[in-house]
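Participant: Listed below, chain by chain, are the residues.
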Amino acid sequence: MMAFRYGVILFVFWLLLSGHFEPLLFGLGLASVILTIFLMKRMNVIDHESYPLHLSSRLPAFLAYIFREILNANIDVMKRIMTSSGKSISPRMVEIPLPQKTDLGRAIYANAITLTPGTVSVELTKDKIIVHALTKEAADELFTGNMAKAIPDQAIDK
Amino acid sequence: MYIAASLAILVTLGLVLARALMGPTVYDRIAAINMFGTKIVLLIAVLAFLSRRTDLLDIALVYALINFIGVVAVMKLVVHGNFHSTGDENSKSVEVDQG
Amino acid sequence: MIIDILSWILLVSGGLVGVVGAVGMHRFPDFYSRQHATGITDTLCAMLILLGLGLQAEMSLAAFKLALIFLFLFITSPTASHVLANAAMHGGLKPKLDGTDGEERS
Numbered sequence: 000m001m002a003f004r005y006g007v008i009l010f011v012f013w014l015l016l017s018g019h020f021e022p023l024l025f026g027l028g029l030a031s032v033i034l035t036i037f038l039m040k041r042m043n044v045i046d047h048e049s050y051p052l053h054l055s056s057r058l059p060a061f062l063a064y065i066f067r068e069i070l071n072a073n074i075d076v077m078k079r080i081m082t083s084s085g086k087s088i089s090p091r092m093v094e095i096p097l098p099q100k101t102d103l104g105r106a107i108y109a110n111a112i113t114l115t116p117g118t119v120s121v122e123l124t125k126d127k128i129i130v131h132a133l134t135k136e137a138a139d140e141l142f143t144g145n146m147a148k149a150i151p152d153q154a155i156d157k
Numbered sequence: 000m001y002i003a004a005s006l007a008i009l010v011t012l013g014l015v016l017a018r019a020l021m022g023p024t025v026y027d028r029i030a031a032i033n034m035f036g037t038k039i040v041l042l043i044a045v046l047a048f049l050s051r052r053t054d055l056l057d058i059a060l061v062y063a064l065i066n067f068i069g070v071v072a073v074m075k076l077v078v079h080g081n082f083h084s085t086g087d088e089n090s091k092s093v094e095v096d097q098g
Numbered sequence: 000m001i002i003d004i005l006s007w008i009l010l011v012s013g014g015l016v017g018v019v020g021a022v023g024m025h026r027f028p029d030f031y032s033r034q035h036a037t038g039i040t041d042t043l044c045a046m047l048i049l050l051g052l053g054l055q056a057e058m059s060l061a062a063f064k065l066a067l068i069f070l071f072l073f074i075t076s077p078t079a080s081h082v083l084a085n086a087a088m089h090g091g092l093k094p095k096l097d098g099t100d101g102e103e104r105s
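Residue numbers (numbering that gives the first Met the number 0), protein chains in the order written: chain Z, 0 to 157; chain B, 0 to 98; chain G, 0 to 105.
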């Protein structure tokens, strides 16, 4: 059932990428989607982590939050680049607690941290994450835990 | 306007390439090449509109994916010194029959 | 045409943001801080340029492909940054931390 749903998604994806509707190419696309699903089944990678559809309801709020953060952080880092170098930055390594329960949530959190300029996740362990922060403000912002709350982190209900 | 954008991207490419050539550590060089790849993707996208051949966007799409895989593969080569180790310390080396 | 002016602004500012990121690549003192400069081009610069192109593409397959490029860049670039920083850390590259330079700022 899950495989069928992913097959439909993949085929729609193929149609949008190719833009072809002739019978021959249509059939070839269908065949390639079936082959892909077959290979995925053999590799045993069809699960909720390969297509996290169960998180899609929380996606818009998360995207709005992350885009705002990216914009603010970008402007801040750009200011620090254009003002005198070395003086305006204070790099530091900090350890941030990792409250997410699922592996997927942890991965999204680490990626979100790296995505905002000013913080790069360096090391990921079971319950904490080591972050290289460009400034004290960026590190403090992470310690407030606002970003951790915005991360979609739901376990799949089987 | 596409020409202005592609000129700005070309300036960026020059600066990034200088960093790749100067970079004191190997990590600096690879980071610069990673950024170079990202800018190339943007440059291809702009060129697709400049030449009015939007088929080029497919190439940008594939380049974005291959750039990522390339950087990760080169990084693995730098860290392990080879491509065959699994990262598992205890893994036995393959025994070669000395026939 | 208002859309043309808007994409002019987006494309040119995207290019400028990219140049600023590349300048940061040269001005920041060590590898880890340069990763932040890389982050600028991977996020805001890509966002502005692809949005500017997307306005010109209007509703077509090209716009969808631009959105896909954007999506791939957003998923892969932080992973690549993390891989690089992690490898540098395990390779024994010491970051220049606060106190060596940059204490002047309060």
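A portion of the hints provided could be inaccurate.
Beta-carbon label-pair distances, calculated as ranges [unchecked claim]:
1. B/13 x Z/22: 47 to 53 Å
2. G/58 x B/65: 40 to 46 Å
3. B/51 x Z/15: 17 to 23 Å
4. B/83 x Z/17: 34 to 40 Å
5. Z/123 x B/81: 33 to 39 Å
Okay, the calculated bits of chain Z under chain G, using three or more residues with CB under 8 Å as the criterion [stated by the list, open to error]:
6. 4-10
7. 69-76
8. 90-102
9. 140-152
Dumping the calculated DSSO-like pairs for lysine-lysine here, alpha-carbon to alpha-carbon at most 30 Å [unchecked claim]:
10. Z/135 x Z/148
11. Z/78 x B/75
12. Z/40 x G/95
13. G/93 x Z/135
14. Z/135 x Z/125
15. G/95 x Z/127
16. Z/127 x G/93
17. Z/135 x Z/100
I should point out that these hints are in silico values taken from the structure, not numbers from a laboratory.
This structure is a prediction, so every number in the text was calculated from the model and none was measured.
Think of the CB as a built atom: it goes at the ideal place given N, C-alpha and C, for glycine as much as any other residue.
Participant: Now, for every hint given, state plainly whether the structure supports it.
Facilitator: Do the hints match the structure? See the list:
Here the CB-CB span from residue 13 of chain B to residue 22 of chain Z is close to 49 Å, well matched to the stated 47 to 53 Å. Range check, residue 58 of chain G to residue 65 of chain B: Cβ separation about 28 Å, and the 40 to 46 Å hint is violated. In this structure the supplied range 17 to 23 Å holds for residue 51 of chain B paired with residue 15 of chain Z, their Cβ-Cβ distance being about 21 Å. For the pair residue 83 of chain B and residue 17 of chain Z, the beta carbons lie near 37 Å from each other, so the given range of 34 to 40 Å is met.
Checked against the hint of 33 to 39 Å, the pair residue 123 of chain Z and residue 81 of chain B fails, with Cβ atoms roughly 24 Å apart. Residues of the region 4-10 of chain Z lying with their CB closer than 8 Å to a CB of chain G number 0, which falls below the three-residue condition for coverage. A stretch counts as covered by a chain when three or more of its residues have a beta carbon under 8 Å from one of that chain; for the region 69-76 of chain Z and chain G the count is 4, and the coverage holds. With 3 residues having a Cβ less than 8 Å from any Cβ of chain G, the region 90-102 of chain Z passes the three-residue criterion, so the hint holds.
Only residues whose beta carbon comes within less than 8 Å of a beta carbon in chain G count, and the region 140-152 of chain Z has 0; fewer than three means the coverage is violated. A hinted pair counts as satisfied when its Cα atoms are at most 30 Å apart, and residue 135 of chain Z with residue 148 of chain Z qualifies at roughly 21 Å. Among the hinted pairs, residue 78 of chain Z with residue 75 of chain B is inconsistent with the structure: their alpha-carbon atoms are about 34 Å apart, more than 30 Å. At most 30 Å may separate the alpha-carbon atoms for a hinted pair to count; residue 40 of chain Z and residue 95 of chain G exceed this at roughly 47 Å.
Of the pairs offered as hints, the one joining residue 93 of chain G and residue 135 of chain Z holds, with about 19 Å between alpha carbons and a cut-off of 30 Å not exceeded. Pair hint residue 135 of chain Z plus residue 125 of chain Z holds up; C-alpha atoms about 25 Å apart against a cutoff of 30 Å. As the CA atoms of residue 95 of chain G and residue 127 of chain Z are separated by approximately 22 Å, the hinted pair is consistent with the 30 Å bound. Straight-line distance between C-alpha atoms of residue 127 of chain Z and residue 93 of chain G comes to about 20 Å, which keeps the hinted pair within the 30 Å bound.
Taking the CA atoms of residue 135 of chain Z and residue 100 of chain Z, the gap is about 27 Å. The hint holds against a cut of 30 Å.
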